[in-house]
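Top to bottom, those sequences are chains A and B.
Mind the numbering: the first sequence is residues 0 to 254 in numbering that gives the first Met the number 0, read in order.
Mind the numbering: the second sequence is residues 0 to 254 in numbering that gives the first Met the number 0, read in order.
Treat the hints as calculated values from the structure; they're not laboratory data.
Fair warning: there could be bad hints in the mix.
[What the hints assert, rightly or not] SDA-like mimics (lysine to any residue), calculated; alpha carbons at most 20 angstroms apart, straight line:
1) K114/A <-> G246/B
2) K216/B <-> M138/A
3) K114/B <-> G116/A
4) K216/B <-> H157/A
5) K28/A <-> A160/A
6) K28/A <-> P156/A
7) K216/B <-> Y110/A
8) K216/B <-> G116/A
9) K28/B <-> P156/A
10) K216/B <-> P156/A
11) K114/B <-> D102/B
12) K28/B <-> G23/A
13) K199/B <-> I231/B
14) K114/B <-> F211/A
15) K114/A <-> R213/B
16) K199/A <-> G241/A
17) K28/A <-> G23/B
18) K216/B <-> I117/A
19) K28/A <-> P210/B
20) K114/A <-> G140/A
21) K28/B <-> A160/B
22) K199/B <-> K28/A
23) K216/B <-> E189/B
24) K199/A <-> A51/B
25) K199/A <-> L242/A
26) K114/B <-> R245/A
27) K199/B <-> A160/B
28) K114/B <-> D192/A
[To be verified] Okay, the calculated beta carbon distance ranges per label pair:
29) E171/A <-> K114/B: 31 to 39 angstroms
30) D192/B <-> E171/A: 38 to 46 angstroms
31) P175/B <-> G168/A: 46 to 54 angstroms
32) E55/A <-> A200/B: 44 to 52 angstroms
33) A105/B <-> A228/A: 40 to 48 angstroms
34) S178/B <-> D102/A: 32 to 40 angstroms
35) G215/A <-> V95/B: 36 to 44 angstroms
36) T169/B <-> A105/A: 52 to 60 angstroms
[To be verified] Footprint (simulated), chain A over chain B, 3 or more residues, beta carbon under 8 angstroms:
37) 25-31
38) 118-124
Quantities reported herein were computed from a predicted structural model and do not represent experimental measurements.
Quick reminder that beta carbons are idealized off the backbone N, C-alpha and C, glycines included.
There are 2 protein chains.
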Amino acid sequence: MSTAANSRVYTAGLVVIGDEILSGRTHDKNIAQVATWLQVQGIRLDEVRVVADVEERIVEAVNSLRERNDYLFTTGGIGPTHDDITVDAVASALGVSVIVHPDARAILERYYADKGGINDARLRMARVPDGAELIPNRMSGAPGIRLGNIFLMAGVPHITAGMLDALTGTLEGGAPLLSETIGCWVAESEVADLLRETEKAHDGCQIGSYPFFREGKVGANFVIRSTDAAAITSCVDTLCEGLGARGRDFTPGGI
Amino acid sequence: MSTAANSRVYTAGLVVIGDEILSGRTHDKNIAQVATWLQVQGIRLDEVRVVADVEERIVEAVNSLRERNDYLFTTGGIGPTHDDITVDAVASALGVSVIVHPDARAILERYYADKGGINDARLRMARVPDGAELIPNRMSGAPGIRLGNIFLMAGVPHITAGMLDALTGTLEGGAPLLSETIGCWVAESEVADLLRETEKAHDGCQIGSYPFFREGKVGANFVIRSTDAAAITSCVDTLCEGLGARGRDFTPGGI
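Throw the hints in and build the complete structure from the sequences for me.
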């Protein structure tokens, strides 16, 4: 990949589909999982929307996020039951028809050969927006779906993990966002000016401040992010000097 | 509350604000927490958006979700540091100015009296959109903020929990969405037609199917939701009869 390509920022949107997340029944694990995986690919997660199993809501979220990002991921709603409508919604968003993918059908026929055989519900999982390719699923047969820069993944986190694994290294990304963490037993409100000034003095660096309460004391982790390793080092040095000048011990790597 | 009011569906939107969620560094716990709490208030969580610490992105999400819902909640970005910009963004979305709330200032002065006293960063946490009231925070002084049907909560989940607790019972909601769960050691793809037909035959009931893999076997929990307890009972009966007719044992309450 050329340096020019590396300096471009690639972004992705994520649509999490499922009433079970909005009802609080299921605690989503896919946001963190997709976010972490994207970082390693050099792609920044720009926005997440969690929407119900309602076609027009999925269509709206998909269209809105795919227009403004390089990549779009969805999780959930690609199973065999009546509430699994992601394929139909994405096809509708793209204005393409839904077809049965012959390879997906073959995969499912093999997978269910000793599990009662294929039926209408299972065949639903071979339906894809016209023009799509499959993303392998080594866990449970039913594949993920790729259509250009759109990726439809499972709702069950460990199945999504396998699909992401299959995609690792295949997406064009920029320089990965690097980060370094400095932990400090200090109330963030005591060093807010130091954080702001340090960030301002280091172009392309971003400092996040994440307070915590532990062992009866307040502390914070400061996360310095940039695509430029040298810039991070310089920013970390300035921050640590500043903390030291205020009589504060700090812990590289975070607390 | 009158029966007429109860039959109306109340909805809420949630905007989760924070680079740390989008980077995967922090696993969000507020979506599930707010969703569960809303259910008990008789309010349905309609959509969640996770956006970065960038004013125009917060403004866009806030305006979009507040227009289509009865209530809007935000989590994150109300602390003392430079990346805490929720108050400014919400004020901008509403077209009001930001003021220092005298009660918030008094609370913070008391809270920090024996912790080094008030300073500019800490005073940031007394800033509110003009017209706002405070939501008590028994954990760490800095209050949450209520402006009509908009609620700005902390990013740290246990602080948000306390703020939600302070709001419990104060928001007008409809009849709470009830649910009953039936677990079954069956591949959901074997009973997809039963689920679809049962849902269709019971107006106002919704059946979610949540598959799992445990002890080397596939199973699923079927969650029947409705605001009408009698409708749920009838729907559950039909579903259990159907599972029984297919020679399947089922577990009321779920597996």
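Okay, the hints, checked on the actual structure:
1. K114/A <-> G246/B: holds (16 angstroms)
2. K216/B <-> M138/A: This hinted pair holds, its Cα atoms lying about 13 angstroms apart.
3. K114/B <-> G116/A: violated (68 angstroms)
4. K216/B <-> H157/A: holds (15 angstroms)
5. K28/A <-> A160/A: Satisfied, since the Cα-Cα distance of roughly 10 angstroms is no more than 20 angstroms.
6. K28/A <-> P156/A: holds (6 angstroms)
7. K216/B <-> Y110/A: holds (15 angstroms)
8. K216/B <-> G116/A: holds (17 angstroms)
9. K28/B <-> P156/A: holds (16 angstroms)
10. K216/B <-> P156/A: Holds, at roughly 17 angstroms.
11. K114/B <-> D102/B: Holds - the C-alpha atoms of D102/B and K114/B are around 19 angstroms apart, at most 20 angstroms.
12. K28/B <-> G23/A: holds (10 angstroms)
13. K199/B <-> I231/B: The given pair, whose Cα atoms are some 13 angstroms apart, holds under the 20 angstroms limit.
14. K114/B <-> F211/A: holds (16 angstroms)
15. K114/A <-> R213/B: holds (16 angstroms)
16. K199/A <-> G241/A: holds (14 angstroms)
17. K28/A <-> G23/B: holds (10 angstroms)
18. K216/B <-> I117/A: Holds, at about 18 angstroms.
19. K28/A <-> P210/B: holds (16 angstroms)
20. K114/A <-> G140/A: Between K114/A and G140/A the Cα gap is close to 12 angstroms, so the pair holds against 20 angstroms.
21. K28/B <-> A160/B: holds (10 angstroms)
22. K199/B <-> K28/A: Since the Cα atoms of K199/B and K28/A sit roughly 31 angstroms apart, the hinted pair is violated (cutoff 20 angstroms).
23. K216/B <-> E189/B: holds (14 angstroms)
24. K199/A <-> A51/B: holds (18 angstroms)
25. K199/A <-> L242/A: OK: K199/A and L242/A at ~16 angstroms, within 20 angstroms.
26. K114/B <-> R245/A: OK: K114/B and R245/A at ~15 angstroms, within 20 angstroms.
27. K199/B <-> A160/B: violated (37 angstroms)
28. K114/B <-> D192/A: holds (17 angstroms)
29. E171/A <-> K114/B: 31 to 39 angstroms: violated (49 angstroms)
30. D192/B <-> E171/A: 38 to 46 angstroms: Check passed, 42 angstroms falls within 38 to 46 angstroms.
31. P175/B <-> G168/A: 46 to 54 angstroms: holds (47 angstroms)
32. E55/A <-> A200/B: 44 to 52 angstroms: Since E55/A and A200/B have Cβ atoms about 24 angstroms apart, the given range 44 to 52 angstroms is violated.
33. A105/B <-> A228/A: 40 to 48 angstroms: Between A105/B and A228/A, where Cβ atoms are some 46 angstroms apart, the hint holds.
34. S178/B <-> D102/A: 32 to 40 angstroms: holds (38 angstroms)
35. G215/A <-> V95/B: 36 to 44 angstroms: holds (39 angstroms)
36. T169/B <-> A105/A: 52 to 60 angstroms: holds (57 angstroms)
37. 25-31: holds (count 6)
38. 118-124: n = 6 at 8 angstroms, threshold three: holds.
Hints 3, 22, 27, 29 and 32, counting from the list given before, are not met by this structure.
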